[in-house]
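Participant: Here's the letter readout for the chains.
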Amino acid sequence: MPSHTVADLLRGLAAGDFSSEEITQQYLDAIADRDGQINSFITVTREQALEQARAADNARQRGNAGALCGLPIAHKDIFCTEGVRTSCASKMLDNFIAPYSATVVNNMASAGAVMLGKTNLDEFAMGSSNETSYYGTVRNPWNTDRVPGGSSGGSAAAIAAGLAPAATGTDTGGSIRQPAALCGLTGLKPTYGRVSRYGMIAFASSLDQAGPMARSAEDCALLLQSMAGFDERDSTSMDVRVDDYAGALDQDLRGLKIGLPKEYFSAGLDPAIGDAVHAALEEYRKMGAETVEISLPHTELAVPCYYVIAPAEASTNLSRFDGVRYGYRCENPADLDDLYTRSREEGFGEEVKRRILVGTYALSAGFYDAYYRKAQQIRRLIKQDFTDAFKQVDIIAGPTTPNPAFGIGEKVSDPVTMYLEDIYTIAVNLAGLPALSMPVGFAGELPAGMQLIGRDFDEGRLLAAAHQYQQRSDWHLRTAPDCA
Amino acid sequence: MQWEVVIGLEVHVQLTTKSKIFSGASTAFGATPNSQACAVDLALPGTLPVLNEQAVNDAILFGLAIDADICRDSVFERKNYFYPDLPKGYQTSQMDKPIVGHGVVEIRLEDGSTRNIRVHHAHLEEDAGKSLHEDFHGMSGIDLNRAGTPLIEIVSEPDLRSAEEAVAYLRKIHSIVTYLGISDGDMSQGSMRCDANVSVRLKGEEEYGTRAEIKNINSFRFVERAIKVEAQRQIDLIEDGGKVVQETRLYDSDKNETRSMRSKEEANDYRYFPCPDLLPVHIEQSLIDSLQKQMPELPDAKRQRFETEYGLSTYDASLLTAERSIADFFEACSKVAGDAKLAANWVNGELSAALNREGKALKDSPVSAEQLGGLIVRIRDNSISGKIAKQVFEALWNGDGQSADEVIEAKGLKQVSDTGALEAMVDEVIAANPAQVEQYRAADDGKRKKLIGFFVGQIMKASKGQANPGMVNQLLNKKLSD
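Quick mapping for you: the protein sequence lines, in order, are chains H and X. Take the first sequence: its letters are residues 727 to 1210, numbered as in this note's numbering. Take the second sequence: its letters are residues 26 to 507, numbered as in this note's numbering.
Misleading hints may appear alongside valid ones.
[As the list claims (entries may be wrong)] Ranges of calculated distance between the beta carbons of each label pair, as one might list FRET restraints:
| id | chain 1 | residue 1 | chain 2 | residue 2 | range |
| --- | --- | --- | --- | --- | --- |
| 1 | X | Gly-336 | H | Ala-1091 | 51 to 61 Å |
| 2 | H | Ala-1091 | X | His-158 | 54 to 64 Å |
| 3 | H | Glu-1076 | X | Val-129 | 49 to 59 Å |
| 4 | X | Glu-290 | H | Pro-997 | 55 to 65 Å |
| 5 | H | Phe-991 | X | Arg-287 | 54 to 64 Å |
| 6 | H | Phe-991 | X | Gly-49 | 45 to 55 Å |
| 7 | X | Gly-49 | H | Glu-1009 | 31 to 41 Å |
Honestly, the hints are just simulated from the structure, not real lab data. Backbone N, C-alpha and C fix where the C-beta goes; we use that ideal spot for every residue, glycine too.
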């Protein structure tokens, strides 16, 4: 069961090899047995999951099976789920029971998916290691002294540990791709506007995008099919046709032009990861693809640009957590200012407060032009780099992260080093492009990921390119030790 | 010393859209607290705004009405501050690229002169909720029904020079938005609210003085009083050797004074920036064109038409066109009456006085336009005199009868125009007053005109006012000269 892919499970469910209730029960048991060590779930919705599984089995018997009918999945605890605590891994929302469900949650439920529970993350998705969660650090199943990456670290660790076959994630600066890389999974950040943000607790609105995390590109294709689509409740979602992702996986890659940005293969890249990526690229050439060196000249500006824009947006997105209507409220406030100050001081963790302060500063009178406006100008240059590159190539490839999973506690006290973890992933969010990470080998005992970046709404091509590679490799099917 | 007051107004107008500017919740006034606040209005985590198209159309209409440029790509921004009735911790508003650019509003002053007041811009934004400080035993209650109600904020240049001008400007804005039908303009329910930036300077001075912003003045009368009292405060302060400080002040209508709310140093840094949840609003020329076609006749155009079409004075036409409802009433009345000038006199005179006396709005008038028109018809055909007409009007006002004819009939108020009956009355009066007849006959033409009034009066008295005064005059002239 642990190494089963979504595609396997859907085939087995369709063939009647097992029921949804059976596999849901097995995943729930696995969570009960082993998540104490991993800490990938914040909330397990055991009874609700079994109920949904039975309903799915009934639907299937009636010949009424949706695309994901009976498939157990986990949702990152950043998506509102009606009647279930939605904490965003923050003390601030520890008591928050969402009265409505996110569009993504509804879409997947309508397709028949069963929710196992809500996965851990960095508080308000702010982090690259899953160490900032109010509910404790998540451990990497490949080596439990290492981080799983973040912010969707709980989703990644749960899949890698065999506690769920798939999960949703969100990606603001690499939060799907980096943990996917660090945990040996496939994860896709779709084009900005491809998946509705309604009901997904906002970190940085112009960068946030939800996407699937699973073992294989095929799995991601199956999941994205149900997640994607226009939503009239999200003004930034795009009314663009959803392609048949699974149906388009079998593509001949001959003639595919792959751009390799020289800036992504420079000093600072772990040599073992570099080797794994180069080996994968060799496979692509064998499949008939062509690789070309390209340049994305503003790459080095991506991290500083992001760390102005994302905190600026976050600083105001998080203003609603004020202790007035819901969420954490300090005890015995003396007056209104005290209510605000202590509720927010006690309710938010260190990293969240750091980003609120940075963002508030960047938007302040007298600093706006120097920081926020300048960052927006740089953002346009970064987008232009990609636009220019895509005139020459069909997709862009490179490592997802400069390093494999680092040790728990290793970087948490040094935010700038931590921020540089996302050096290869951040520019993609600034440009709004789709990108996926997939496993291409190991750096020692730890997974190494390769990133594929596509044109706007070209998710189909990315998934097909990854799928073709996965037809010739088995990195994505490897399981972490003790999780087999 | 000769002081000059300089005023700029920020007028907030609630739009009468059915739903809120960024959510589907209703905007109806007066519902149970928090019954009209949905997940978006409550700023639940994960919720997102979706712009109400009608609010955009309303703002464009207003812009066209004041001859302003419509911004083809306007942008919503977040105005950040903490307050319990502001659920998101920011107000979604517009700053750099408001939907309505520079425009002009013409105001007409008491002496009949006009001035053009420049509008700096007008922008769309959401209203906040309300904090309720009573009935909660030392705590405050929050009602978020109003949160998210669409507003346009109309910001004038500092072009106003007196409290009276400010009121005239405010009335004109009121008249434009109600003509357009984009707001009910009801200041008592907060549909229109006003902040005033007030400063003073010596006449002839180029530089503006330091201004104070007076917040939330919610009636025409208070606008006038608040500006006057604030200007006087600043003048007194300067004449006593003091200095005006830039600050926000609150007008207390009970004490008729303004007092400091917060100084410039304490002012919020709102950290405006473009709202990433909303795309820029792109407006096609075709939308502007189609709204231009829907534009109703506006107050100034209507006033001019009333002057030319009905031959009314500018003064009468201005009064009649101040509100669309009055203008509509007048036109309906005039159509029935067949005499625009009489209709204007009655609407601006008797009707307006009666409404004022009882504090009624025109829509609650007990006398309809058709009833008043019917009354005027009877004046015109000499069925009743002007004096009797006032009695008929009173009767209609009090609900004694469905029409003027019914009242005249029931009360027997019909004017006596029967020559025979009038002749008898004239003969009687002449016979009963031989001394006055002597006096009349001895007088010259100039004096005669005065003396004849005595006889007319006697006849009117005898006829209880029902004698046709024109015919009485004619008969008297004839008989007294015999």
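Participant: Against each hint, give a clear statement of whether it holds in the structure.
Facilitator: Status of each hint after checking the structure:
no.	hint	verdict
1	Gly-336/X x Ala-1091/H: 51 to 61 Å	holds (58 Å)
2	Ala-1091/H x His-158/X: 54 to 64 Å	violated (31 Å)
3	Glu-1076/H x Val-129/X: 49 to 59 Å	holds (54 Å)
4	Glu-290/X x Pro-997/H: 55 to 65 Å	holds (57 Å)
5	Phe-991/H x Arg-287/X: 54 to 64 Å	holds (56 Å)
6	Phe-991/H x Gly-49/X: 45 to 55 Å	holds (50 Å)
7	Gly-49/X x Glu-1009/H: 31 to 41 Å	violated (52 Å)
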